[in-house]
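Chemist: Residue numbers (my numbering), protein chains in the order written: chain A, 24 to 520; chain B, 1076 to 1658.
Hints are not guaranteed to be accurate.
[Said to hold, decoys possible] Stretch-level coverage of chain A by chain B, calculated; a stretch enters the list once three of its residues show a Cβ under 8 Å from a Cβ in chain B:
#, region
1, 101-109
2, 213-221
3, 226-232
[Stated by the list, open to error] Across the chosen pairs, the derived CB separations fall in these ranges:
#, chain 1, residue 1, chain 2, residue 2, range
4, A, His326, B, Asn1375, 20 to 28 Å
5, A, Glu220, B, Asp1552, 50 to 58 Å
6, A, Lys316, B, Leu1589, 38 to 46 Å
7, A, Asn132, B, Trp1209, 38 to 46 Å
8, B, Asp1220, A, His465, 43 to 51 Å
9, A, Arg195, B, Lys1483, 23 to 31 Å
10, B, Glu1535, A, Asp137, 30 to 38 Å
11, A, Lys364, B, Met1193, 26 to 34 Å
12, B, Leu1169, A, His326, 45 to 53 Å
Think of the hints as simulated: they come from the structure by calculation, not from any bench.
Since this is a predicted model, take the numbers as computed values, not measurements.
Glycine included, every Cβ here is placed at the ideal spot set by N, Cα and C.
Read off the chains here:
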Amino acid sequence: MVLSKASSQSDDSIHSTFASRYVRDSLPRFKVPENSIPKEAAYQIINDELMLDGNPRLNLASFVTTWMEPECDKLIMASINKNYVDMDEYPVTTELQNRCVNMIAHLFNAPLGDGEAAVGVGTVGSSEAIMLAGLAFKRKWQNKMKALGKPCDKPNIVTGANVQVCWEKFARYFEVELKEVKLRDGYYVMDPEKAVEMVDENTICVAAILGSTLNGEFEDVKTLNDLLVKKNQETGWDTPIHVDAASGGFIAPFLYPELEWDFRLPLVKSINVSGHKYGLVYAGIGWVIWRNKEDLPEELIFHINYLGADQPTFTLNFSKGSSQVIAQYYQLIRLGYEGYKNIMENCQGNAMVLKAGLEKTGRFNIVSKDNGVPLVAFSLKDNSHHTEFEVSDMLRRFGWIVPAYTMPPDAQHVTVLRVVIREDFSRTLAERLVMDIQKVLHDLDTLPARVTEKMAKLEEHARNGVVVKKSAIEVQREITTAWMKFVADKKKTNGVC
Amino acid sequence: MAKSSADDDDELRRACEAKIEGTKDKILMSIRVAKSYGIYRKNWQIGSQLYGQARVLHSSIQEIVTIMVVTTTISDSDERLHCTFASRYARTSLPRFKIPEGSMPKEAAYQIVNDELMLDGNPRLNLASFVTTWMEPECDKLIMDSINKNYVDMDEYPVTTELQNRCVNMIAHLFHAPVGDDETAIGVGTVGSSEAIMLAGLAFKRKWQAKRKAQGKPYDKPNIVTGANVQVCWEKFARYFEVELKEVKLKEGYYIMDPAEAVDMVDENTICVAAILGSTLTGEFEDVKLLNELLTEKNNKTGWDTPIHVDAASGGFIAPFLFPELEWDFRLPLVKSINVSGHKYGLVYAGVGWVIWRNKDDLPEELVFHINYLGSDQPTFTLNFSKGSCQIIAQYYQFIRLGLEGYKSIMENCMENARLLREEMAKTGRFVIVSKDIGVPLVAFALKDSSRFTVFQISESLRRFGWIVPAYTMPPDAEHIAVLRVVIREDLSHSLAERLVSDIQKVLKELDELPPRVSTKAAHVTAVNDEESNKDAHVTAVTDETHKVNADRHHLKKSTVETQKEIFNYWRRISDKKTSGVC
């Protein structure tokens, strides 16, 4: 009696996991629990709770890579305990990072000799990359203004209104004014002419986007460069260009090698690209490349010793894992130019299949362009009965995560659904998605148009019986407003990534 | 591709020569050995058309042309035939500046990358770093399962976000933040303490700017007061966010910030004073309580309200468990924010840090970006955007798995191993222990007599045994002291610690037997500059042994220190390290 009691009290391993006391109690959510629990129980509890997260592979909202080859998974797990900043201890990892920088710089046609090392750095993502690039522009501009004896306290940066939220962040945190070129209906990228008009002597750079987050379109960097060269000649300024190629940087060189958007254009001084988007690595890696050494002010660089040689570093983060850098190197040498090209062509092909399937339903307008990042953005032709948000909600029931969001200011009455085509989104899955969207449309048709009715009732009530037939656009706008209140009270339209 | 077919052509030529020379069987053999495996493989892939051709190959072997056509097509593309190290990928060197033109099989790519990484140091034996290198296999599994989840997709992965919020709450409670039992704390998960510090610094800067603007005073010259022993990221923050860094200088034997001196340096432009809980150099805790008292006094006198930030990157998960009585956290009223590294004694792999604010008012609203999180509002404040979420999940795993009890016993264990190492090092009689008993579990020690060899040599020699033990010089004003630092992590077990002790003893013995190469060299250098110095160095040893007080003694002793300094200068030239680059 005594014996058995004592043993069952202390020996937790005899219980099956789901009969143990750990799953019977709820876990403390605000304080670290007093006592330890067995690792199996801890694993099971967390694993089970995480089942309620969406499935990353079915998340069509994000560009971020969700699948890699098992060999690469193995490499990642083997190096997960390596700290990227310990360059002295892990010289090979540092060397791999430098090789990646060189390869990407060559891909972007940086003006380098054959054995010359490129100037660039691996980051946690494009946000860090953009902040570093922005900081370099700001410091360079400050130095120039100081040398000229002019005030240097009101820097600004010119971008399209379709930029990712991190540009806004950069502007706010580093005290730079963000001048946004407004969008208009049917034209959802930055207009180069308007952008150049907004440039003044306090502009530290113009940021162009290769692969707008909203519809995947490439901005016309070449025209921007030409216009800006002209303006610079007229005024004597030398406003540079940064290209935010977070999503398009690994698309354009393979699918549109003729398109001039990179260092072939003389005013492009830095480019950032997300390794974790079409660089085909899991979340946690970005790159920023500078044209040459002079574009990165020396004062921003911290030097650390790297096996007797000097290793300059320029990052906002310090300790971090090095597995993503290794994974990026793996992908670059495993796939080569040929492999990346095949994958991107495949993505583009799947995008076309999806687009054709959606067009065939006859219910959608395609907002995205054929040339650009492989994504399909589409909106309902007639959203007086049901909105894109309802379609998005219904698709969740099939497991698909397809986001719906409104366009930025000046085009905000347009709501779109966006499907990003990643490497792991196969043709079969694309066809399956079209079928599920058709099912959803069918289901929605049989449902009463609940929002419209509600809205109409509200209208009736407010106007006290004076029912006026509203124009289609008015109805549409009201529905959008109502939904925005429902679903996206404070949703950043460009919070997508 | 071109190279491969050239190789294959060679093979074929050999096969043809075999035909000319000998019998049918001989050819069959050579073809079989070289190609037939590949032919079948290929056939499965391409289908019946080739399969037919393969039969032709076997039956009518005389038709060498047929063989030629068939074999080239096949072996050209089938690389799996070769064993990994005989394949052309392992034979040629990889391009280092450009993406290769063609693809290679995943096995080969894996092997090449993996093999090159063998030359990296072993993270487990890296005693230089606080960063966790071992976790339980269960947690490894959780990490791998969630490696493809993006932390910022809060809409899609609500549970992950919830786990992050729970971690913030737990840490805030651990640091005695004045929040109610069910109240959510203000804090955020970051990539590491660097990001955490930049966010905290930015909040202080913005708050100070707002205050100055309201007062109508200039707000363009902010500064921050820290000890000279701070980690390099404070310097980074200062340079990137245009804040002047005012460093309190160290002195010999006192390697942390002196609170009295720090408070002296505070002026009306000071956005905050940063105290370090667990100095990177010696692991010592700075006296935050005293700093708080002195600063309160000064604030009362001047009417400013200079706050304190505590950089508890390494000490944040030590102090609450080992020294619960020590007041360094939100119990002190002026402490407005604290950062801690989850990847140090939070026991998670590199890539997670935390910053906690005392309350909402300490984080200016304008810095916070709001995103929608399942209908409810999720404020975010980060410098990074997309990143993996596995570290956050791992942190939560550690909290619930270990609980206070588990953390406490791990930290006690680390302390115990540190004590063992410290005692053994003291026992050799060759080292001065620089680290303190109370603090982060690390042992920093300097050589008593470094005229024969230096700590840098010890560090180098230990590498041969596999150990990575860094040696570095102290920051300015104590820079002639060089120390070795061993960080005791969770995974440095008692037997490994004993092993390290015996390896250090071996190294000492070896170095004793070696001619003192560097000091001779340094002495030579000295001799050129100052002829007496060399003599003095030799005489000193004698004088020290005889303990005779003579007129020259004072002079001689000084030159010993001089020699020592020269040796360090010499070494620093060889391995010029950022003293504060350690992490």
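Chemist: Looking at the structure, which of the earlier hints fail to hold?
Modeler: Numbers 2, 3, 4, 8, 9, 12 - these are the hints that the structure violates, sorted from lowest upward.
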